[in-house]
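Residue numbers (the working numbering), protein chains in the order written: chain A, 1 to 455; chain B, 1 to 125.
I should point out that these hints are in silico values taken from the structure, not numbers from a laboratory. Model, not experiment: these values are computed from the prediction. Using N, Cα and C, we set each Cβ at its ideal position, and we do this for glycine too. One thing to keep in mind: the hints can contain errors.
[Unchecked claim] Some chain A residues near chain B, calculated using beta-carbon distances under 7 Å:
1) Val52
2) Ser62
3) Tyr126
4) Ala128
5) Leu174
6) Ala199
7) Pro201
8) Ala267
9) Pro273
10) Leu302
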Amino acid sequence: MADERVPYAGPGAAPGAAVGDQPADVDVIVVGAGPAGAAAALAAARAGASVVMLERGPFPGSKNVYGGVIYGRILDTVLPNWWEEVPVERWVVRRSTMVLTETQALTVDFRTQSWAGPPYNGMTAYRADFDSWLAEKATAAGARLVTSTVATGLLRDAAGRVVGVRTDRADGELRARVVIAADGVNSFLAKESGLLPKADPKHHTLGVKEVLSLPREVIDERFGLRGQEGLDIEMLGNTRGIPGGGFLYTNSDTVSIGAVLALPGLAAAKVRPEEIIADLKGHPAIAPYLRGATVKEYAAHLIPEGGYDHMPPLHADGLLIAGDAAGMTLAAGIWLEGVNFAIGSGLVAGRVAAEAAAAGDASKKRLARYRDELEKQFVLADHKRLRGAPEIILSERIQRRYPGLVADLVESLFTVTNPEPKPGALALLRRAAKRNGVSLRELARDGVRIGKVFR
Amino acid sequence: MSRFWFRKPVGAASAPAATEAAEGMGGGGGRLGDIAFEDRMATVDFRVGERAHIVVDSDVCRSCTTRACVTACPANLFAPTADGGILFNYEQCFECGTCYMVCNGEGALTWTYPDGGQGVVFRQG
Ligand SMILES: Cc1cc2nc3c(=O)[nH]c(=O)nc-3n(C[C@H](O)[C@H](O)[C@H](O)COP(=O)(O)OP(=O)(O)OC[C@H]3O[C@@H](n4cnc5c(N)ncnc54)[C@H](O)[C@@H]3O)c2cc1C
Ligand code: SF4
Ligand code: SF4
Numbered sequence: 001m002a003d004e005r006v007p008y009a010g011p012g013a014a015p016g017a018a019v020g021d022q023p024a025d026v027d028v029i030v031v032g033a034g035p036a037g038a039a040a041a042l043a044a045a046r047a048g049a050s051v052v053m054l055e056r057g058p059f060p061g062s063k064n065v066y067g068g069v070i071y072g073r074i075l076d077t078v079l080p081n082w083w084e085e086v087p088v089e090r091w092v093v094r095r096s097t098m099v100l101t102e103t104q105a106l107t108v109d110f111r112t113q114s115w116a117g118p119p120y121n122g123m124t125a126y127r128a129d130f131d132s133w134l135a136e137k138a139t140a141a142g143a144r145l146v147t148s149t150v151a152t153g154l155l156r157d158a159a160g161r162v163v164g165v166r167t168d169r170a171d172g173e174l175r176a177r178v179v180i181a182a183d184g185v186n187s188f189l190a191k192e193s194g195l196l197p198k199a200d201p202k203h204h205t206l207g208v209k210e211v212l213s214l215p216r217e218v219i220d221e222r223f224g225l226r227g228q229e230g231l232d233i234e235m236l237g238n239t240r241g242i243p244g245g246g247f248l249y250t251n252s253d254t255v256s257i258g259a260v261l262a263l264p265g266l267a268a269a270k271v272r273p274e275e276i277i278a279d280l281k282g283h284p285a286i287a288p289y290l291r292g293a294t295v296k297e298y299a300a301h302l303i304p305e306g307g308y309d310h311m312p313p314l315h316a317d318g319l320l321i322a323g324d325a326a327g328m329t330l331a332a333g334i335w336l337e338g339v340n341f342a343i344g345s346g347l348v349a350g351r352v353a354a355e356a357a358a359a360g361d362a363s364k365k366r367l368a369r370y371r372d373e374l375e376k377q378f379v380l381a382d383h384k385r386l387r388g389a390p391e392i393i394l395s396e397r398i399q400r401r402y403p404g405l406v407a408d409l410v411e412s413l414f415t416v417t418n419p420e421p422k423p424g425a426l427a428l429l430r431r432a433a434k435r436n437g438v439s440l441r442e443l444a445r446d447g448v449r450i451g452k453v454f455r
Numbered sequence: 001m002s003r004f005w006f007r008k009p010v011g012a013a014s015a016p017a018a019t020e021a022a023e024g025m026g027g028g029g030g031r032l033g034d035i036a037f038e039d040r041m042a043t044v045d046f047r048v049g050e051r052a053h054i055v056v057d058s059d060v061c062r063s064c065t066t067r068a069c070v071t072a073c074p075a076n077l078f079a080p081t082a083d084g085g086i087l088f089n090y091e092q093c094f095e096c097g098t099c100y101m102v103c104n105g106e107g108a109l110t111w112t113y114p115d116g117g118q119g120v121v122f123r124q125g
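Use the sequences and the hints to build the structure in full.
Now the structure itself:
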């Protein structure tokens, strides 16, 4: 072969030479066995297509990291009563949002027992378990899973249409009528196609996390939980000025704690990511929860946070892009949802691909149905509605000033000043704003902006 | 086109074995040093391949003004050397992509995924 291309997947990979016409080996190739890929393979197989799903890790989930909570509602229509067999750790019944400064914490805590029973709202689960489980659903439907195999590039014909993938196996090429790139954040297939920029630090955050061991009864007691009940805490502030936030989730006998950090801010701060986790673990409002816990696993992974305005084109001739490969994680402050968006997009991609293969038409024009359908569903509808969220959530004032402002305001409201009379609330607000370098006009303007973004 | 693709998968989707957790000092008490970095990395499973999947061109690094990789890499794999270069070891890499995203020097990093089945294996994730 004359092709001099480096046979590895990476940001530097360039498109290979055009390949000749040969019949397809399968209808659909899905690259990646994460939630997007497994859902795509499941939907395509159910629609009657022959499907091969490639995964570079030794088993599905082995390369994947998240917070995490999975919102399973999207599974209802495809896997009825999925909650009876899903590998769940705990069902989330409590959601807390914490605003932190180094020494203060304001928590809004919500709890409902309606999330404690079927059909449930959210669950904590390990990705090694969940991704393997979902991939098994795809193989049970007839898809073929090939693990320990990297798709190193796309095969294109003379007209530039995608007709398959190269892999790092000795017998490396595989042809299909449609290829679905579900290869996650960093998607080197989308980068090779020129659909994603090679490096885009502005629209990515680094997630670092520790899974900490604690006995089940200790978790129940400290977090006010019973049986399979779970808690989800999102945190804003106390990340040394690096735009981002923190999270804490309860599993059966572990707690996941971590931080999400904007790459440009992280690079500029010259702070190591695990120091931010250490800060959160050591915070006076968090440390008592974690006393005696030991680190079971440390992990890191990128998150695409550009939102609607920074997604790549979702299709090309012979190619569909789903999940994080297309930047579909919804990171909008109080929400961090990616798995459900990956599954939602994968299900549509799989069906559209199977139909295109059956119709013998995988043209860009026909595959545009994929995007049309996602616009009608939550996947792109939510992203479109919240398109302004990433920018405002990661903005200077929200990240560095408002946590202190809010905490100072509440502290002053509850600090008894006898024998001085209580100052009025407006005076306290003015004082807290001034102390944190915010003018009341900026505050009002941001209030309106936030109202618009989250309307 | 070989028959390979349609053979029965070997060990596909097999459940991960239980992991041995390295004991950190824990205590939840806090700041840096609550667990030594080597102990932290010892909690992660790596199937180290023979090929270095990331290669750093230290000559390019010598003229780098940010050295963003040194602090940003969550696995702490970029070590500055006395002569202004970078010493890099690929073995305990999360394959996260942070380094190529923040890298300041064109051509400093040759970044690829490890070969199939190799590299990091998250037991929980
Ligand atoms: C720290 C953190 C916290 C998060 N918290 C949450 C949360 O609480 N809830 C939530 O819903 N979401 C959360 N997310 C987001 C969520 O993890 C992602 O949105 C989701 O994993 C996307 O699924 P995916 O299938 O698109 O991609 P991935 O899960 O990344 O799967 C991609 C798959 O493709 C494989 N692959 C990649 N390239 C190749 C190749 N060339 N050849 C073969 N295989 C390949 C990978 O090994 C991987 O298995 C979080 C993310 C992070 C990093
Ligand atoms: S940021 Fe890039 S060029 Fe700079 S030291 Fe790190 S690897 Fe080298
Ligand atoms: S990919 Fe991530 S873990 Fe690996 S060297 Fe780069 S920054 Fe470090």
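Now the hints, each set against the structure:
no. : hint   : result
1   : Val52  : holds, 6 Å
2   : Ser62  : holds, 5 Å
3   : Tyr126 : holds, 4 Å
4   : Ala128 : holds, 5 Å
5   : Leu174 : holds, 6 Å
6   : Ala199 : holds, 5 Å
7   : Pro201 : holds, 4 Å
8   : Ala267 : holds, 4 Å
9   : Pro273 : holds, 5 Å
10  : Leu302 : holds, 5 Å
Every hint, counting from the list given before, is met by this structure.
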